[in-house]
Structure formats: structure tokens, C-alpha cells
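Visitor: One-letter residues, chain by chain:
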Amino acid sequence: MLAGKWSHAEAMIRDIGRFARFNWRVTSTSFLACSHRSTYPLVWTQMNIIGVRSVPVIMVTGAFVGMTLAIQAYDQLATMGFEERLGVLINISVVKELGPVLAAVMLAGRIGGALTAELGTMNVTEQIDAIRSMGTDPVRYLVVPRVLACLLLTPLLIIYADLMGVVGGAMVSLLHFGINGRAYWDYSANSVELWDVAIGVIKGFFFGAAIAIVSCYKGFTCREGSQGVGQACTEAFVASFTLILAIDLAIAFVAKAVYLTFWPMRGLV
Amino acid sequence: MTEKQEIDRAAAAKKPVIELKGICKTFDRRVVLDDVSLAIEEGKTTVIIGPSGCGKTVLIKHLICLLRPTAGEIYFRDQRIDHLSERALGAIRTHYGFLFQAGALFDSQTVFQNIVFPIRQHRRETDMSELEQIVKAKLAMVGLDGFQNYYPANLSGGQRKRVALARAIAMDPEIILYDEPTTGLDPIRSGIINELVLKLQRELSVTSVVVTHDMNSAYKIADRIIMLHNGMIVADGDADTIRNHPHPTVQQFIHGEVSDEDLAVLRMSGKGAQSQFSPQDFDPRSP
Ligand SMILES: Nc1ncnc2c1ncn2[C@@H]1O[C@H](COP(=O)(O)OP(=O)(O)OP(=O)(O)O)[C@@H](O)[C@H]1O
Ligand SMILES: [Mg+2]
Numbered sequence: 001m002l003a004g005k006w007s008h009a010e011a012m013i014r015d016i017g018r019f020a021r022f023n024w025r026v027t028s029t030s031f032l033a034c035s036h037r038s039t040y041p042l043v044w045t046q047m048n049i050i051g052v053r054s055v056p057v058i059m060v061t062g063a064f065v066g067m068t069l070a071i072q073a074y075d076q077l078a079t080m081g082f083e084e085r086l087g088v089l090i091n092i093s094v095v096k097e098l099g100p101v102l103a104a105v106m107l108a109g110r111i112g113g114a115l116t117a118e119l120g121t122m123n124v125t126e127q128i129d130a131i132r133s134m135g136t137d138p139v140r141y142l143v144v145p146r147v148l149a150c151l152l153l154t155p156l157l158i159i160y161a162d163l164m165g166v167v168g169g170a171m172v173s174l175l176h177f178g179i180n181g182r183a184y185w186d187y188s189a190n191s192v193e194l195w196d197v198a199i200g201v202i203k204g205f206f207f208g209a210a211i212a213i214v215s216c217y218k219g220f221t222c223r224e225g226s227q228g229v230g231q232a233c234t235e236a237f238v239a240s241f242t243l244i245l246a247i248d249l250a251i252a253f254v255a256k257a258v259y260l261t262f263w264p265m266r267g268l269v
Numbered sequence: 001m002t003e004k005q006e007i008d009r010a011a012a013a014k015k016p017v018i019e020l021k022g023i024c025k026t027f028d029r030r031v032v033l034d035d036v037s038l039a040i041e042e043g044k045t046t047v048i049i050g051p052s053g054c055g056k057t058v059l060i061k062h063l064i065c066l067l068r069p070t071a072g073e074i075y076f077r078d079q080r081i082d083h084l085s086e087r088a089l090g091a092i093r094t095h096y097g098f099l100f101q102a103g104a105l106f107d108s109q110t111v112f113q114n115i116v117f118p119i120r121q122h123r124r125e126t127d128m129s130e131l132e133q134i135v136k137a138k139l140a141m142v143g144l145d146g147f148q149n150y151y152p153a154n155l156s157g158g159q160r161k162r163v164a165l166a167r168a169i170a171m172d173p174e175i176i177l178y179d180e181p182t183t184g185l186d187p188i189r190s191g192i193i194n195e196l197v198l199k200l201q202r203e204l205s206v207t208s209v210v211v212t213h214d215m216n217s218a219y220k221i222a223d224r225i226i227m228l229h230n231g232m233i234v235a236d237g238d239a240d241t242i243r244n245h246p247h248p249t250v251q252q253f254i255h256g257e258v259s260d261e262d263l264a265v266l267r268m269s270g271k272g273a274q275s276q277f278s279p280q281d282f283d284p285r286s287p
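Residue numbers (our numbering), protein chains in the order written: chain G, 1 to 269; chain Y, 1 to 287.
Okay, chain Y solo, but in the shape it has when bound (with noise of 0.2 Å):
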């Protein structure tokens, strides 16, 4: 590497990859995201927590362009992607690597057929034994070697994100996004799956984006964490700043602390309710 390409690269870690410019997202008038701002640093990884149904998945389903927002801009590299046609995006998502929160393999695709789809699609020249190879090697790491031929159908849950995961990486892309990499694991492989983010992160210099709720996973491999409630950032920092956050809600979730309304709503619905609610209230055949 020259000097030269070196300064280049050193100017570019400092400029975002990805920026969010006071996104706003709306389905029916439901406001899920209100008027998010976010830059993602090169290089590093950013942990994207907050409970269930704040947004999270269409916040990062937008770094991606997957989802269009209703207000607000979204930046590749200093270039806007939010107005580009889906044709245009195809090329930039190629830099991507998106695991879904539900894997979203083909399920009439064998695993092998799977992994080798993004390679086919963007490849020309590639031999048989040359996919063979990447495959053999991209589900070494995520602990799944000799599953090629299993259709997902067969799979359990934990192995059809595994496979998810390494199709993810399957074109060895300069930015992965994860969407709960370890929901649904165990802690020996979620374990694994986070030192695998680390791994790509020191070796290839991936940027990574990482929705969790594990705590333990986000301070284990976040470089910056930022928590989502109702749709809005409200803390972003590193781990410790999160640790000592002083929001009361970001204390709350951090601690998996369940708030004295939640309680008090649980227990009505326990004894003290059966006298309100008879069985034959609820009625299995109504939506």
C-alpha cells in the first residue's frame, strides 16, 4: 500500500459510511421512526439496542435502502440513495451484507444454492470447485460444514440464522448488517457468532451494524452502542457511557429491570382477574 492510498484510507475512516439524515418513517400514519439521525462510522461496530418493537428492524432495514423513508435523507459514501431506483441500489447493496431478523433463506434452495446466490448474481468466472470452496469455508465459520444439501425446511431455527449468517458474508462485503445475529442461540454459539463479528471487524476491517437485545454480546463487541425507544435515539456513546447512562429507561433495559406498571397489569390479569374474564370470553375462532 502507498503512502498516499494510506492517507486516503485514514481520511476516509473519519467520514461516515452510511448517514441518516432526521429519517422519519410512517406505515398508516404509525409513526415507527421520528426523525432519526445517525452516522455510521468505517470500521467499526455499532450496536443498535431497544425493546421490542421500537424499530429496530426498520431502522436498519433504511442503511440499506430496503425500506424508503418517509421523511429524511440516507447517504452511501457522500453519495444520496434514498431517491435512486431499484436498479441504481442493486449496485450499492452489493457492498452489503444484510442477515434478516427471520434469516429469509429460499426455502426451496438448498443450503449450498443459498450461499452461492449473491456469488452467482455478481460473479462471472467461477467454477464449481471454486463455489465449493466458499461454501466449505463460509459455513466452517459459523460452525455448519457438511449441512450443503439440507433444504432450510430441515434445519432447525439456530442453524437456518447460522446459514443466514453465512450467506450474509458470502461475498465478503465491506458492511454487514445484522438483524439479532445470537436471538435464538445458544450461549456457547452466540459466543461464537460474536467473536466471529470481531474476527471480520480486526481482519477484514468490516463495518459492522448489529441489532441485539443481549446485552452481554452488545458490550462484548460494540465500539459505539445506541439505544432506540419510541422511535427516537435516546443514548449513544460506548459501553461505558451506556453502564452509566444516566436515562432511567436505558438503566431500566440494560438491567432487564420489569418497571412496577408492567407488574401491576401482570398481576390482574393473574387471580384477581378471573372474576372479570370467564374462559368462554375468549373466543379461538376470532382474529
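Only chain G is shown next, with the shape it has when bound in the complex (with noise of 0.2 Å):
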């Protein structure tokens, strides 16, 4: 029994190491790749895939956060006499935690899916061992393409979604709640700072990151089988996401530390 569960903690920290060294490796290939003139296609092609197609399903996603947050906040304010107000709340909250985060979750089940089962697949049929047969490293190949792309993708996707969350918010506050449209937009822009837009756009990159690197390592680790390549893609959702949610966290404690330390005045009001 004791036994049984002590394997089981070895073989998870075991699994950390490698994902570890497997962050490692594309990085330091990432860094090399790119002064190789032979990367930047590959790069491209990953960004027509990854990026340009999520374009829509992103702007849906966007829309329909801004429009939720309108409907549900409205009622707090208006028996309060702040309906004017609604936009603070809706804009700082699309922009800075749930645009990027619902983006990115869009992102982890969009490309996170797609990219762990096509690796896992080359893995199951020796595409990967063909890829390092003929002397080419298949993480510069497969992996560092992805990661890039996805990396400098995400935080354009997510000012998409912003603008898309923007965009509802007010349509709903505006159209159907009838809130005068000059009050409304004054108010959210001189509460909304650059500061809460940029904090939102950076995460892109850490969230894009997280999604890209997690689902290749699934994909280069997953068993054999289709249903090896099945639970790959599962276990690859559940991990980006919690690791999106994570990093998130751990985004806010940094952020704030660093306003407090430049602004602290505006911190307190």
C-alpha cells in the first residue's frame, strides 16, 4: 500500500524533472533558433494555424464576457445610483483578469487540444524518432515554432478579446440599460489606466508560454495508443488550465507589489 503510493510520488516527481528539463531545452533551443534564418517560416505557419484561426472564436468570447458582466453588475449599481459607474467596473474587469484569462482558456482548449494530439500522433508513429534520424533536433523543429508563435500571438489575441469585452459592455449598458453614453465612457477613462490594459497583454505572454510548452511535452511524453493520444490531450487541458490560473496569481502579487512601489499614493485612493 505505502509502497504503491510512494511509487506513485516518485513517478510524479519524475515527471516534473523531465517537464523541467523539457522547459529548459526550448528555451535554450528557442534562443539559438532564432537567429536561424530557417525558423521564421516555420514560425509563420504556426501563427496562420494558432493565431489568425482563433481570431473569431476569441472576438465571441470577448463579447460575450463585457455583455454577462453588464447584466449581472447593473442591479448592485443602479440601487445604489452609480449605474453611471458601470463601465469602471466592467472595463477594469475585462481588461485586466478576464479577458486574458477566459482568452487563454479559450486558447488552452483551442490550440492546447490540437497541438498535443498532432505531436502525440508523430510521437506514436515514429514521426519524432524519424525527425531525429535525419539530424534534425525535433524540438528546434516541432516545438519551438509552436512555442514562439503562441507566445507572441497570445497577447494580440487577448487585446481582441479586451476590445471585444469593451465593446459588449457598453452595447449592453448603453442600448439596452439606457445609461447616458458620454457619463459612462468619462468615468471609464479615468479609472481605466494603461497600467490595468498592459498588465492584461503581458500575462498573454506567460499564458501563451505555459499553453504551447505543456501541450508539446504531453504530446512528446504521451503513451502509446490512441488512447494514449487521447488522455495526452486531456491531462494537457487540465494542466494548462490550472497552470494559466497559477500564473495569473502569481502575475496579481507581482503587479500590485510593483504599483504600490511607483504609485503608492494612487494605490491608497
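Just so you know, not all the hints are guaranteed correct.
Which stretches of chain G does chain Y cover? Using the computed rule of at least three CB atoms under 8 Å from a CB of chain Y, they are [as the list claims (entries may be wrong)]: (1) 122 to 130; (2) 133 to 144.
Far from chain G, by Cβ distances over 12 Å, these chain Y residues were calculated [stated by the list, open to error]: (3) 61; (4) 67; (5) 78; (6) 79; (7) 205.
These aren't lab readings, by the way, just hints derived from the structure by calculation.
Glycine included, each C-beta is placed from N, C-alpha and C at the ideal position.
The two chains are supplied separately, each in an independent frame; assemble them into the complex guided by the hints.
Guide: Here it is, written out as C-alpha cells:
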């Protein structure tokens, strides 16, 4: 019984160690690959697959988040007579938190699963071994372009999600609840800072890297058979989702500390 | 070629290109290779035979370090390679061509893209017409010119194998490792592949290692035959040595004899066994 638990724990620790090594390999190879001209077409292709085709679904996600927030928050603010400040609440939530996180979760589902399935199938059909046998590093050829594409495009996709969140929130607030447009935008503009938007977008780099690296790792280490690939996809989604939330928390801590260091007064108001 | 180069070449010919020293390989405590030592000579064709599941594929993958040994050392031209990083191995692997038993073609790329893959990876200046020429030549060698724009999914098993072979020889490697090149091909195609192996050896003095079950092709192409059994080398020598080998396992294998024990098992599972097992015993859903 105890032995079983112990070997389980041992396997987990070993898995974490392998993941750390994989991370290191991907990072060092990425820096090396940036100086290679042959990397850029690969990154470009992946950007098309990963980024461009995700735009619609990301925009829809953002719009729904904004609209729902408006409907949920209106009543509380209206009872206090603060309904003109609805924009502050919606826009800060969307730009700082909900836009980035939900966009990243959407991407984890859309891209993460596909990456794991693709690399996992290549792994079980020996295609990754074939790449190695021809003297090419599969990490450089397969993983680095995907990670770079994800890392560079997730922030951009988050901007789309933010934009649609703001538009969606405003549409419901102004058209459905009939709030004064001038006041709505004035309050929003005064309280949403560039800092809030920047933090949301910066999160995107980390989320994108996390999604791509976890998904590629799961694909590279998946077990044989179609069941192995399926299981790897599930694990990849769960792991990237958890990691997104953990990174979000960590960045919230750091960002707050940085903010209070540079603008101590405004933080207290 | 100068005289000195000639002498160097002669000296090199005696030295092994690849050498395995005391290789052991275990998967989850299951021993697959047990203290195998083997030196592959330059410019010779070495054939590895042995029953299914005896570890031939595992052995040939060690020659190019696709699998790392549990114990033992691998040398490539006197350089130890089994502890090198993947990045360092990349440069060494460009000397090799490797034909996978299952082909391992990139299934999302066309035949053309599959074959130019190694060339694009390792050569800088190549224009399209030159690549087309190379691909055409390699495909013609395996009798598949005209299939450039097919996807692997639309080819037959034997055609896939031949495309994989064309990819393995695309870079004109010095060493080619073939894992069962003729399995799944008709007798005429097998004959052509045998000729191809011989031709590459004769004209380009390629070093070949061929894993096969097919004794006819083994006798035809081999300078040296090695028989693997239970993870150990049981016989090693040229075709005649193997034909007259005293070891009963070797004789049984090369003549394709079925042992009495195997026959007894088969008979057991036939008529006599019906009273013991009913079809309900086999649950199709159980793994
Ligand atoms: N990745 C692996 N993990 C676990 N066991 C493995 C692995 N690869 C091979 N084996 C085991 O090693 C043994 C030898 O396998 P190998 O593929 O070398 O056989 P083979 O001689 O090539 O057989 P065949 O002629 O049928 O291709 C098999 O029993 C197999 O179960
Ligand atoms: Mg095999």
C-alpha cells in the first residue's frame, strides 16, 4: 500500500523533473533558433494556424464576457445610483482579468488540444524519431515554432478579447440599460489606466508560453495507442488550465507590488 | 585520389565505422539486449536476422543512438556517442540514413516534401529545380516516380515503405540502416530493393546494415550475417557459415521449421480445445 503510494510520488517527481528539463531545452533552443533563418517560415506557418484562425472565437468570448458582466453588475450599482460607473467595473474586470484569462482558457482548448494530438500522433507513429534520425532536433523543428507563435500571438489575441469585451459591455449598458454614453465613457477613461491594460496583455506572453510548452510536452511524452493520445490531450488541457490560473495569481501579486512601489499614493485612493 | 588518401582509405576500411561494446537494454526490467558487442565494417553489408520480437529493431536503433543503452558503449568512427546530447548527435546522424520498419513518413506532408525534408534541413543553397531532380531520381530508384504529390495515406503499405527508403537515401548517406526493407513487398519488388542495396554498396561504397526475415535476400546481399536470439548474438559469419552453422536454433530459423512444441500448442488450441473454451470466454471489450 505504502509502496504503491511511494512509487506514485516518485513517478510524479520524475515527471516534474522531466518537464523542467524539457522547459530548459525549449528555452535554450528557442534562443539559438532565433538566429536561424530557417525558423521563421515555420513560425509563420504556426502563427497562421494558431493565431489567425483563433481570432473569431476569441472575439466572441470577449463580447460575451462584457455583455454578461454588464447585466450582472447593473442592478447592484443602480440601487446605489452609481449606474454611470458601470463602465469602470466592466472595463477594469475585462481588461485586467477576465479577458486575458478566458481568452487563454479558450486558446488552451482550441490550440492546446490540437498541439498535443498532433505531436502525440507523430510520437506514436515514430515520426519524431524519424526527424531525430535525419539529424534534426525535433524540439527545434516542432516545438520552438509552436511555442514562439503562441507566445507572440496570445497577447495580440487578448487585445482582441479586450476590445470585444469593452464593446459588448458598452452595448448592453448603453442600448439595453440606457445609461448616458458620455458619463459612461468619462468614468471609464478616468479609472482604467494604461497599466491595467498592459498587465492584461503582459499576462498573455506567459499564458501563451505555458499553453504551448505544456501541450508539446504532453505530446512528446504520450503513451502508445490512440487511448494514450486521447489521455495526453485531456491531461494537457487540465495542466494548462491550472497553470494559467496559477500564473495569473503570481502575476497579480507581482503587479500589485510593482504598482504600489511606483505609484504609492494612487494605490491608496 | 592521391596515394596517401588511398592508404588512409585502406586503413579506414579495416576499422569499424560503428562499434557496439557490451550493449544491454532493458525496458521496465525486461531484458531485450543482453551484452551485445558488434563491429560494423566500412563498405560492407551486414544482415541481422532473428525471430520476431528478438530485439532486432532495438539493436538497429542503437546503431544510430535513437535508443540509449542501459549499459555499454557505442562508438562512431572511434568517437563515443552514447552519452552525447541530442544536439551533438544531430551532426553525426547526418552520416546515416535510417529506414523505419513502419516507414514513419510524415503523414501531413506529401511524398515530395517528405523526401526533401532532410535536404532542406541540412543544405543551405538549393533551388527548386535541383530539389525536383533529386526527388525524381530517388523515387525512380524505388520505382515510384510520378507519386510526388501523393499523401502517405493514399499509398499502399509497400509504396509507403519504398517512399521511406527514398527518403532514407535522399542525402546520399555513407551508412544506411534498413529495418526490414522488403517486408510487405512482392517478390519482384523485393528483388529490386536487393539490387538497390547491392548497387549502393558497389557504386558509392555505402555501409549497410539490413534487418530482415527474408533468408533469400539475406544470402543475396550479405557480406556478413548475424543472428540474434533472445537478445544475444548466436551466430556471426558469411552466408556459408550460417548455412552450415551447427547451432540448432540457427538451422531451424533459416529453414523455417516449426518446432514440435509450437505444433503441440497449435493442436491444443484447435479441435481438442473447443471443449475447454467456449466463444463466450472471449469478451471483445476486454483489452
Ligand atoms: N519502447 C519499448 N518499450 C518496451 N518494450 C519494448 C520497446 N521497444 C521494444 N520493446 C520490446 O523489445 C522486444 C524486441 O522488440 P523489437 O521491436 O526489437 O523486435 P524485432 O526483433 O524487431 O521484431 P520484428 O521482427 O517483429 O520487428 C519486444 O519484445 C518488445 O516488447
Ligand atoms: Mg522489428
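Visitor: Compare the structure with each hint and give your call.
Guide: Hint check results:
no.: 1; hint: 122 to 130; in the structure: holds (count 6)
no.: 2; hint: 133 to 144; in the structure: holds (count 7)
no.: 3; hint: 61; in the structure: violated, 8 Å
no.: 4; hint: 67; in the structure: violated, 9 Å
no.: 5; hint: 78; in the structure: holds, 20 Å
no.: 6; hint: 79; in the structure: holds, 15 Å
no.: 7; hint: 205; in the structure: holds, 21 Å
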